[in-house]
Amino acid sequence: MTSNQIKRPLGLQLLIYGFVLLWFILAAFPFFWTMWGSFKVELDFFSKGDWTHAISGVRTQAVYGESFTGAGYEGAWIQEEFWRAFNNTAIVCFFTVLTSLTIATLGGYALSRSGFRYSFWLLIIALVFRALPPITLVSGYLLPFYEWNVWGLLPTTIIVLVAINQPFTLWMLHSFFQTIPKELDESAKVDGCTQFQAFKHVIIPVMWPGVITAGLFSFLLAYNDFAVTAVLLNQDNQTMVPKIASFMGTTQTEGNVMFAVAAVVSAIIPLFLLVLFFQRQLVSGLTAGAVKG
Amino acid sequence: MFLRKIATVVALTTLASSVWAGCGISEGRVSIVGNEFPAIQTVGAGAMECAGGGVTVEKNLTADHQKINVPGMQGNPAEFTTAIVANSSIVALMNNDVIRPLDDLVAKHGQGLKKSQLITVNGNIMGVAFMANAQHLVFRTDILDQLGIAPPTTYEEMLVAAANIRASGLMDNPVGGAYKAGWNLAEEFVNMYIGQGGQFFEPGSAKIAVNNQHGVDALHMMRALSNFMNPDFLTHDSNATSAEWKAGNVAIMNMWGSRVGPLKSDEVDPAVANNTDIAGPMTVGGGSTPASTLWWDGWTVSKNISDADAEATFIAMMHAIRPEMLNDETSPLAVWLIDGYQPTDAAKGVFAAAAMGTTPYPMLPYAGLMHSAAGAELVDFMQGKETASQALADLEAAYTTAAKEKGYL
Amino acid sequence: MNHKTFFWFFFPTALAMILFIALPLTSIVSQSFHAPHEEVLLVAEICDPFGCETESTIDHQATEQLKQDKPLGRWVGFEIYADRQHLAFKEVAQFWQSRPSFTGFISSLNNLPFYRAMGFTLTYVIVVTPLVILFGLIIALAVNSLHRHLKGLMVFFSLLPMIVTPLVGSLILFWMIDARGIIGSGLQEIFSDPNLSLKASTGLTWITLIVYGVWHSAPFAFIVFYAGLQTVPKETLESAMIDGATRFQQVIHVVVPHLAPLVAFVALIQLMDNFRVFEPIVGFSAEAHATSLSWIIWNDIGQEIRLLSSAATTSVLTIIGVVILLTPVLIRTWREFNPEK
Chain H
1 MTSNQIKRPL GLQLLIYGFV LLWFILAAFP FFWTMWGSFK VELDFFSKGD WTHAISGVRT
61 QAVYGESFTG AGYEGAWIQE EFWRAFNNTA IVCFFTVLTS LTIATLGGYA LSRSGFRYSF
121 WLLIIALVFR ALPPITLVSG YLLPFYEWNV WGLLPTTIIV LVAINQPFTL WMLHSFFQTI
181 PKELDESAKV DGCTQFQAFK HVIIPVMWPG VITAGLFSFL LAYNDFAVTA VLLNQDNQTM
241 VPKIASFMGT TQTEGNVMFA VAAVVSAIIP LFLLVLFFQR QLVSGLTAGA VKG
Chain W
1 MFLRKIATVV ALTTLASSVW AGCGISEGRV SIVGNEFPAI QTVGAGAMEC AGGGVTVEKN
61 LTADHQKINV PGMQGNPAEF TTAIVANSSI VALMNNDVIR PLDDLVAKHG QGLKKSQLIT
121 VNGNIMGVAF MANAQHLVFR TDILDQLGIA PPTTYEEMLV AAANIRASGL MDNPVGGAYK
181 AGWNLAEEFV NMYIGQGGQF FEPGSAKIAV NNQHGVDALH MMRALSNFMN PDFLTHDSNA
241 TSAEWKAGNV AIMNMWGSRV GPLKSDEVDP AVANNTDIAG PMTVGGGSTP ASTLWWDGWT
301 VSKNISDADA EATFIAMMHA IRPEMLNDET SPLAVWLIDG YQPTDAAKGV FAAAAMGTTP
361 YPMLPYAGLM HSAAGAELVD FMQGKETASQ ALADLEAAYT TAAKEKGYL
Chain L
1 MNHKTFFWFF FPTALAMILF IALPLTSIVS QSFHAPHEEV LLVAEICDPF GCETESTIDH
61 QATEQLKQDK PLGRWVGFEI YADRQHLAFK EVAQFWQSRP SFTGFISSLN NLPFYRAMGF
121 TLTYVIVVTP LVILFGLIIA LAVNSLHRHL KGLMVFFSLL PMIVTPLVGS LILFWMIDAR
181 GIIGSGLQEI FSDPNLSLKA STGLTWITLI VYGVWHSAPF AFIVFYAGLQ TVPKETLESA
241 MIDGATRFQQ VIHVVVPHLA PLVAFVALIQ LMDNFRVFEP IVGFSAEAHA TSLSWIIWND
301 IGQEIRLLSS AATTSVLTII GVVILLTPVL IRTWREFNPE K
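Protein chains in written order, with the working numbering: chain H, 1 to 293; chain W, 1 to 409; chain L, 1 to 341.
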């Protein structure tokens, strides 16, 4: 499946590129549209009269004298101090991913290598835990958190995000460890390693595609979470998504929707860098190393 | 540009605060929870001025305030020392018994308050109101003038006007309305049912009684109006309805007084903005009570906090709504109930509503249950999938189930 | 791996789940069997800025002692499970007895909130889950065969539908599919029907939600399979090629079996997430046409008067629904644990 295999026939090559192009348009068009629109006023980007206003910027021109304006970005970053929310998100994401991966890698590995029945049942119980809608959980946390005086703090939210996402990360890593042949660490154990040494010297070097993918999901969960952060954080500790929601206003009032759009476009850029950066880890699996001893 | 205005207001009031320097409290904890619209942001910012020295002031103004205010006041000591609420949402706080009577504090520090600002239950002061709101008519002067139609005063006239506008070819769907399934649709039903002269509950009990001729008439009027609305009306909340208005797609609608200002902002096409005018709410079915409800927003003080914190909170909130906070920036943000408020042009609809004897939204412990049941169960009728009396029967059944669970029946 | 090693490997993750999921879960289950105490109402004069009225209010003193003695509320057993807003046994039995026809029975069921929500939820699960797996696999194979410089970019762009926060993403898409938005007007052109609106009819709303669901979740399947493709052992592929397998045969006989645990994982997560479908319903304001169990919970908790027992009951029903739905996948996992000797 690597790209330097025998040459593909031209037809297949065209088919692949055609499909990738189509998918690219489907996946990315709304984003480019949003990026373009973030430099317009609300009545252009969300025009209920004529969608071509979003391209030409008729109202933007009427208000600012030109068809592009940085007002949304200025409002979000300077006036509303969006960078505070950005910092909070960075803290929440970093610690959530770190903690999630550490404990789930150990747990997932143990589940995939233990032949006993209880590990199956543990997986099932984790699954049942995940079936619980997060909104029910969060409203259940409120009263005890207020009692213990930990409501509104970043660490509380981090622990909750780690715990809520643990079943998912655990299952995912368990499935990944299953695709890594058991012979690898068993032969290490035959050579006299303890289970932990086998894990450290044999499994860790080849587990990165799985761990990075699981990390990506933990990261996205923490980055995009609204159900937990909107209810469990106080205003000073707000992360980006609840902050963006506060720009949008409610049914009873209008907010500044274009602040929200500009903030969303800004919030994508760190993700772009991150994915590009971890690309290499994503493709450094068994294909690179030896499969069997 | 609402938020920019707020920022200026905050900047101005912060400047001003250095002149007044503190609010006469030396210590205590103030923590505010409330919704996040501009007028409340102004009040929150006003209370923040009292921070400093031994006084801490925190605010959590968020659209999710209803999810956190009750649990946040149930603890002891409560996380929030005050909650900003409306007449529909104070009920949840009273039902859970988390707010304290304010009589002693009003006697001590409430000299600036008008009697009408006080929310009392059997004479006990439970809250202090600072602003009012109501839904009323918004219309396009140019369109109505062109066709020689007077601004409607009844919903029946609104239907005739709508038919005329459609026939003239000026607009396909000239009527606007926040009919989104859920809270908004239920609110319109509450309006229309009151306008028809209906009573929601059997007197003195939590037993619902809407499946009657008033209810059927109210629903039929809503259906008739929806025929002149954008076919997506069940997805239109007041934001989407305002957007329709700004795009010039709509000529007459029933809308919140607080939403009129933005319809005339710089960003809106002047042809729409300059021809937008408002009038009092409409009546329906020959009744004299307008098909609308009056709303107030105000603040309360937590029960589960020390007397010192309660006093600090009361003083800080009094500071936030002192007459001096009214200026050119803050006055247009709401219809303030504060002494010294000069009504702006955008307030005339709400004042007309009050003058016409519009009913306040019912402050009953179980009104919210009826509201949610209506929001979910009337949808099928609005789509033409069932009859009005079937929809009302469903509404009653859904309400009764919920009220039994909550122990009201 | 022996029990002791297993315990230490598994302990941290177990602790997190017990504290923050298992304990709340027990309290939710207990709440679903309890309801708030019966309230005593008294008539009071209530005054506000608009005048005074005599209205009902709650007499807290009357029930204070009771509430202190029994803070959980009154025990109601399965009453809430059986009421009209949930399983509605009484109403269903009544509909069955008075049914004019089977379709008539189904349409009266549709009038009950729980069954209406199940109708949409199950359709959504059945349609979206397989499509997500299929598209995810095709995208993963296609992207994996690209030149390595293109791969990085395509991985990022492929993830976009999933990573743009749904809060704003749905706002923008909701506008795009408006009758006057770019996609909405495009569809009107294509079907040459100027009155076409995706938001006005139940059928079109369902299709919109399903298309959105596939678009939003395909990147999840894609990235999992893509990572899995990196662990396909080269030797197996090479020996398959030597045996003369075509590309298609390689995919079917080597790649797919290798990815089997991941396919099971994606299926499991997708079945579960789709069963709990919630965000698109709120984002697309589709409540009038489509509801789900999660939406019902949100609706119970987010109102002015919160129905906590009702929300707890719906949550327990959701869990039961998920477990039933996942049984086939779970049986497969069970077999993996007990390989035939």
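Please keep in mind that the hints were generated in silico from the structure rather than gathered at the bench.
Treat the hints loosely; a few may be bogus.
Distance condition first, Cα-Cα at most 27 Å in a straight line; then the derived DSSO-like pairs of lysine-lysine [unchecked claim]:
#1 W:Lys114 / W:Lys404
#2 W:Lys348 / W:Lys207
#3 L:Lys4 / H:Lys182
#4 L:Lys4 / W:Lys67
#5 W:Lys67 / W:Lys385
#6 W:Lys115 / W:Lys404
#7 W:Lys404 / L:Lys4
#8 L:Lys90 / W:Lys303
#9 L:Lys4 / H:Lys200
#10 H:Lys200 / L:Lys67
#11 L:Lys70 / L:Lys151
#12 W:Lys348 / W:Lys67
#13 L:Lys67 / H:Lys189
#14 W:Lys303 / L:Lys70
#15 W:Lys385 / W:Lys115
#16 H:Lys182 / L:Lys67
#17 W:Lys207 / L:Lys4
#18 L:Lys90 / W:Lys67
#19 L:Lys90 / W:Lys385
#20 L:Lys151 / W:Lys404
#21 H:Lys189 / L:Lys4
#22 L:Lys234 / W:Lys404
#23 W:Lys303 / W:Lys114
#24 W:Lys264 / W:Lys207
#25 W:Lys303 / W:Lys108
#26 L:Lys151 / W:Lys207
#27 H:Lys200 / H:Lys182
#28 H:Lys200 / H:Lys189
Each hint, compared with the structure:
1. W:Lys114 / W:Lys404: The hint is violated at about 39 Å.
2. W:Lys348 / W:Lys207: 37 Å, violated
3. L:Lys4 / H:Lys182: Holds - the C-alpha atoms of Lys182 of chain H and Lys4 of chain L are around 20 Å apart, at most 27 Å.
4. L:Lys4 / W:Lys67: 44 Å, violated
5. W:Lys67 / W:Lys385: Answer violated: Lys67 of chain W to Lys385 of chain W is near 33 Å, above 27 Å.
6. W:Lys115 / W:Lys404: Cα-Cα ~37 Å, so violated.
7. W:Lys404 / L:Lys4: Violated: Lys404 of chain W and Lys4 of chain L sit about 51 Å apart, past 27 Å.
8. L:Lys90 / W:Lys303: 42 Å, violated
9. L:Lys4 / H:Lys200: 18 Å, holds
10. H:Lys200 / L:Lys67: 55 Å, violated
11. L:Lys70 / L:Lys151: Outside the cut-off at roughly 61 Å; violated.
12. W:Lys348 / W:Lys67: Violated: Lys348 of chain W and Lys67 of chain W sit about 33 Å apart, past 27 Å.
13. L:Lys67 / H:Lys189: 60 Å, violated
14. W:Lys303 / L:Lys70: Judged against 27 Å, a Cα distance of about 21 Å means the pair holds.
15. W:Lys385 / W:Lys115: Answer violated: Lys385 of chain W to Lys115 of chain W is near 49 Å, above 27 Å.
16. H:Lys182 / L:Lys67: Distance of about 57 Å is beyond 27 Å: violated.
17. W:Lys207 / L:Lys4: 61 Å, violated
18. L:Lys90 / W:Lys67: 32 Å, violated
19. L:Lys90 / W:Lys385: 23 Å, holds
20. L:Lys151 / W:Lys404: Violated, at roughly 59 Å.
21. H:Lys189 / L:Lys4: Roughly 16 Å between the alpha carbons, so the hint for Lys189 of chain H and Lys4 of chain L holds.
22. L:Lys234 / W:Lys404: 65 Å, violated
23. W:Lys303 / W:Lys114: 23 Å, holds
24. W:Lys264 / W:Lys207: 44 Å, violated
25. W:Lys303 / W:Lys108: 18 Å, holds
26. L:Lys151 / W:Lys207: This hinted pair is violated, its Cα atoms lying about 65 Å apart.
27. H:Lys200 / H:Lys182: 14 Å, holds
28. H:Lys200 / H:Lys189: 12 Å, holds
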